[in-house]
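**Q** The chain contents come next:
Protein chains: 2
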Amino acid sequence: MGAEILTIGTELLLGQIVDTNAAYVAETLAAAGIDVYWKTTVGDNEGRIGEAMRQALSRSEIVIATGGLGPTEDDLTCRVIATVLARPLVLDQTVLESIRRRFADRGLAMSRNNERQALIPEGATVLPNLRGTAPGLFIPVRDGRVVVAMPGVPLEMRPMLTEQVIPRLRERFEVSARIRSRILKISGITESQLDEAIGDLARSSLNPTVALLAHPGEIHIRLTVKTESHEDGERRLDDLEARLRERLGALLYGRDGERLEEVVGRLLVDAKQTVAVAESCTGGLVCHRLTNRPGSSAYFVQGEVVYSDQAKEDRLGVSHELIVRHGAVSRAVAEAMACGMRDAARTDLALGITGIAGPGGGSAEKPVGLTYIAVASAEGVICRELRFLGDREINKLLASQAALDMVRQCLQSRRDAAQA
Amino acid sequence: MGAEILTIGTELLLGQIVDTNAAYVAETLAAAGIDVYWKTTVGDNEGRIGEAMRQALSRSEIVIATGGLGPTEDDLTCRVIATVLARPLVLDQTVLESIRRRFADRGLAMSRNNERQALIPEGATVLPNLRGTAPGLFIPVRDGRVVVAMPGVPLEMRPMLTEQVIPRLRERFEVSARIRSRILKISGITESQLDEAIGDLARSSLNPTVALLAHPGEIHIRLTVKTESHEDGERRLDDLEARLRERLGALLYGRDGERLEEVVGRLLVDAKQTVAVAESCTGGLVCHRLTNRPGSSAYFVQGEVVYSDQAKEDRLGVSHELIVRHGAVSRAVAEAMACGMRDAARTDLALGITGIAGPGGGSAEKPVGLTYIAVASAEGVICRELRFLGDREINKLLASQAALDMVRQCLQSRRDAAQA
Numbered sequence: 001m002g003a004e005i006l007t008i009g010t011e012l013l014l015g016q017i018v019d020t021n022a023a024y025v026a027e028t029l030a031a032a033g034i035d036v037y038w039k040t041t042v043g044d045n046e047g048r049i050g051e052a053m054r055q056a057l058s059r060s061e062i063v064i065a066t067g068g069l070g071p072t073e074d075d076l077t078c079r080v081i082a083t084v085l086a087r088p089l090v091l092d093q094t095v096l097e098s099i100r101r102r103f104a105d106r107g108l109a110m111s112r113n114n115e116r117q118a119l120i121p122e123g124a125t126v127l128p129n130l131r132g133t134a135p136g137l138f139i140p141v142r143d144g145r146v147v148v149a150m151p152g153v154p155l156e157m158r159p160m161l162t163e164q165v166i167p168r169l170r171e172r173f174e175v176s177a178r179i180r181s182r183i184l185k186i187s188g189i190t191e192s193q194l195d196e197a198i199g200d201l202a203r204s205s206l207n208p209t210v211a212l213l214a215h216p217g218e219i220h221i222r223l224t225v226k227t228e229s230h231e232d233g234e235r236r237l238d239d240l241e242a243r244l245r246e247r248l249g250a251l252l253y254g255r256d257g258e259r260l261e262e263v264v265g266r267l268l269v270d271a272k273q274t275v276a277v278a279e280s281c282t283g284g285l286v287c288h289r290l291t292n293r294p295g296s297s298a299y300f301v302q303g304e305v306v307y308s309d310q311a312k313e314d315r316l317g318v319s320h321e322l323i324v325r326h327g328a329v330s331r332a333v334a335e336a337m338a339c340g341m342r343d344a345a346r347t348d349l350a351l352g353i354t355g356i357a358g359p360g361g362g363s364a365e366k367p368v369g370l371t372y373i374a375v376a377s378a379e380g381v382i383c384r385e386l387r388f389l390g391d392r393e394i395n396k397l398l399a400s401q402a403a404l405d406m407v408r409q410c411l412q413s414r415r416d417a418a419q420a
Numbered sequence: 421m422g423a424e425i426l427t428i429g430t431e432l433l434l435g436q437i438v439d440t441n442a443a444y445v446a447e448t449l450a451a452a453g454i455d456v457y458w459k460t461t462v463g464d465n466e467g468r469i470g471e472a473m474r475q476a477l478s479r480s481e482i483v484i485a486t487g488g489l490g491p492t493e494d495d496l497t498c499r500v501i502a503t504v505l506a507r508p509l510v511l512d513q514t515v516l517e518s519i520r521r522r523f524a525d526r527g528l529a530m531s532r533n534n535e536r537q538a539l540i541p542e543g544a545t546v547l548p549n550l551r552g553t554a555p556g557l558f559i560p561v562r563d564g565r566v567v568v569a570m571p572g573v574p575l576e577m578r579p580m581l582t583e584q585v586i587p588r589l590r591e592r593f594e595v596s597a598r599i600r601s602r603i604l605k606i607s608g609i610t611e612s613q614l615d616e617a618i619g620d621l622a623r624s625s626l627n628p629t630v631a632l633l634a635h636p637g638e639i640h641i642r643l644t645v646k647t648e649s650h651e652d653g654e655r656r657l658d659d660l661e662a663r664l665r666e667r668l669g670a671l672l673y674g675r676d677g678e679r680l681e682e683v684v685g686r687l688l689v690d691a692k693q694t695v696a697v698a699e700s701c702t703g704g705l706v707c708h709r710l711t712n713r714p715g716s717s718a719y720f721v722q723g724e725v726v727y728s729d730q731a732k733e734d735r736l737g738v739s740h741e742l743i744v745r746h747g748a749v750s751r752a753v754a755e756a757m758a759c760g761m762r763d764a765a766r767t768d769l770a771l772g773i774t775g776i777a778g779p780g781g782g783s784a785e786k787p788v789g790l791t792y793i794a795v796a797s798a799e800g801v802i803c804r805e806l807r808f809l810g811d812r813e814i815n816k817l818l819a820s821q822a823a824l825d826m827v828r829q830c831l832q833s834r835r836d837a838a839q840a
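Chains as they are written, first to last, in this note's numbering: chain A, 1 to 420; chain B, 421 to 840.
Same shape as in the complex, but just chain A (with noise of 0.2 angstroms):
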């Protein structure tokens, strides 16, 4: 069985919008079990989505249609659908009903446009849409074939795909198989060292499959399995999960949607630790991605940008001597601003980063991306001398995702000891 999908909207063929709904349902399918072999784009242009929507069903199973059903004169994809199945459109009471609602409770009038939106092919079941005015429909045709129709807003149409069209596919087509994805990030380590460490594990294991996949600063290990029961699929990724983990270690920072920042919190939440951040070329990022995450002030209490060498010394107790020796770029200074940090904001934990970002300031001795990160805390200070190649931008994000990691593996490290 395959499905096709097809994207309807002139605003794509100009490419001024990215067509994200045709990869959201691609991936909303593959993960249901469906295969997709064919993706159409096509403009609001009554022939060619004709003959795409022909076309489609000449050659695929499931149809599924996004765009062209909202109230303009431009939104012709029901029209188009009622004449390739040859059936009429009916006005559909439930349907006018629930847009007259719709209008009223914003104290609004209904335009004689909206009611367009009630016109149904006949023999089609209709979507209710919580998010909007337009209907999703979920037509059966000849042959056991299916044409789907959603709305091209995303926030409209995505809620509609998972739960209203991909049960009733699955139900329809008996699909068993189900695919599941589990994602486990990993931080400060390079992807030809990661391939070192389990490629052979990456390479050897087919069900899940293992996909490696680089971010700026961090690296997605994407295990993908493929299995009729839950718990057989669950059971699979744990196993994996659990062999990767004995390898890397600490080196894995967290699982799925959550980001490095979130983990850095909750790990200080958890141990009741405080912490201060006194930043240079990083230049506010730490400070940001640290309180991004709601209830951040339990544990972040201040934070210095210090770009030029007095507010080091002024806000930091920098020695100038110590700039001057060593120059603003060196391991003494970013230890002298994690403790000075730590002592001013009187904190359990103090981050001192001090380097290049570039494009200009470097040198042959210190050249751009050379960056230095400091922890200071009850039991002293460590410091780490790194070296990034981006621009400044790349560099910058990726010297907070260093600084942060340096934190997170400093509370883990100290939360795996009390246990052990």
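Just so you know, the hints here were simulated from the structure itself, not pulled from any lab data.
There may be inaccurate statements among the hints.
[Unchecked claim] Coverage of chain A stretches by chain B, computed from C-beta distances (three or more under 8 angstroms per stretch; other residues unrestricted):
#	segment
1	25-32
2	62-76
3	84-93
4	126-134
5	226-232
6	388-399
7	409-419
[Said to hold, decoys possible] Listed next, with one range per pair, are the computed distances between beta-carbon atoms:
#	chain 1	residue 1	chain 2	residue 2	range
8	B	535	A	200	23 to 33 angstroms
9	A	212	B	526	15 to 25 angstroms
10	B	525	A	418	45 to 55 angstroms
Glycine included, every Cβ here is placed at the ideal spot set by N, Cα and C.
For this one, chain A is given, so just place chain B on it according to the hints.
**A** Okay, now just chain B, sitting in the frame of chain A:
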């Protein structure tokens, strides 16, 4: 004359990646005056690539394929094109040599797989790939039609399209009209206010056309003109921009790719002014944005991320009584933060930002989203009260946008006054 885009790759059908190539090619063709009527995606499957290619050639004069040109067994595009066009594959010595050189330059041995990339359908013009091993192909076929194949890696495809493919297509199909866009960016106004201000102009202007695109904290006004001559196009854009500027004045902050923080940085450099930032609810984001611009150390001196009340007192000299009397989120505290920051950092300008980013911390009197932003300068201190309706990260972004825009308007009005 119509073009058709054919994107090839199983990962696109699985929804693992969003098809940004299709949007880029579509937009670039539209800008070059070439209409696109169809976009099709198929996986790495010989039969379906062939079917899609035949179909495209039957209805479009220009077929532009991306993907499937790499060195692996999965890369089928070249072979399929040769089959569909009934042409033999021939070894291109120049391509082979350039691939060999790429490998040698990196001290690597060329694999036999890479030799396959030098097998080219007879009669094809090779488009050199300056950023990878897979060359592009430009193939004139029957009835004046053209098949183009480009690599799927966006960094390799984009320059090949704009520098090599588009000029060839424009010459071959004698395309004279060009589409040109200009974006004017505006901050500090809602979409409906903007519509009231310029809606009549936007709707009555046919060439250029006008479209409004809303982004968090700003709106982009896109002017699109279609003309044969560059001069005529620029003149029409200039005329309409002048009429829009008459109505919108200082609300317009920039053009095309320029970001608000870059405009602020440029104005600070021009006016030889320095700035410091004391931010609470924005958590470091304003400092981060100000330091994204290369050379920002010329104007950005220092920032304080004062999350706790204690930090506001210790670092900015905000009095304890003031915080108790008005609350940390208040006009009085924002102003005291800005003035305290300016005194501490000895800068020309300083920002003070305090608010409730959410989701917690709101009350009936002071709801989530309430934000005060103050700018202190030699002329005194000004403060704005704002109410944002987003989630935590959107509220941070909107507050940072409003803060940067206040600095911009302050600098711009001084400059305008000096020039008047």
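**Q** It remains to establish, for every hint, whether it holds in the given structure.
**A** Do the hints match the structure? See the list:
1. 25-32: Contact hint for the segment 25-32 of chain A vs chain B: holds, 6 residues under 8 angstroms.
2. 62-76: Result for this restraint: violated, n = 0.
3. 84-93: Since 0 is below three, the answer is violated.
4. 126-134: violated (count 0)
5. 226-232: violated (count 0)
6. 388-399: With 3 residues closer than 8 angstroms to chain B, the segment 388-399 of chain A meets the three-residue bar; holds.
7. 409-419: Result for this restraint: violated, n = 0.
8. B:535 <-> A:200: 23 to 33 angstroms: 28 angstroms, holds
9. A:212 <-> B:526: 15 to 25 angstroms: 22 angstroms, holds
10. B:525 <-> A:418: 45 to 55 angstroms: 52 angstroms, holds
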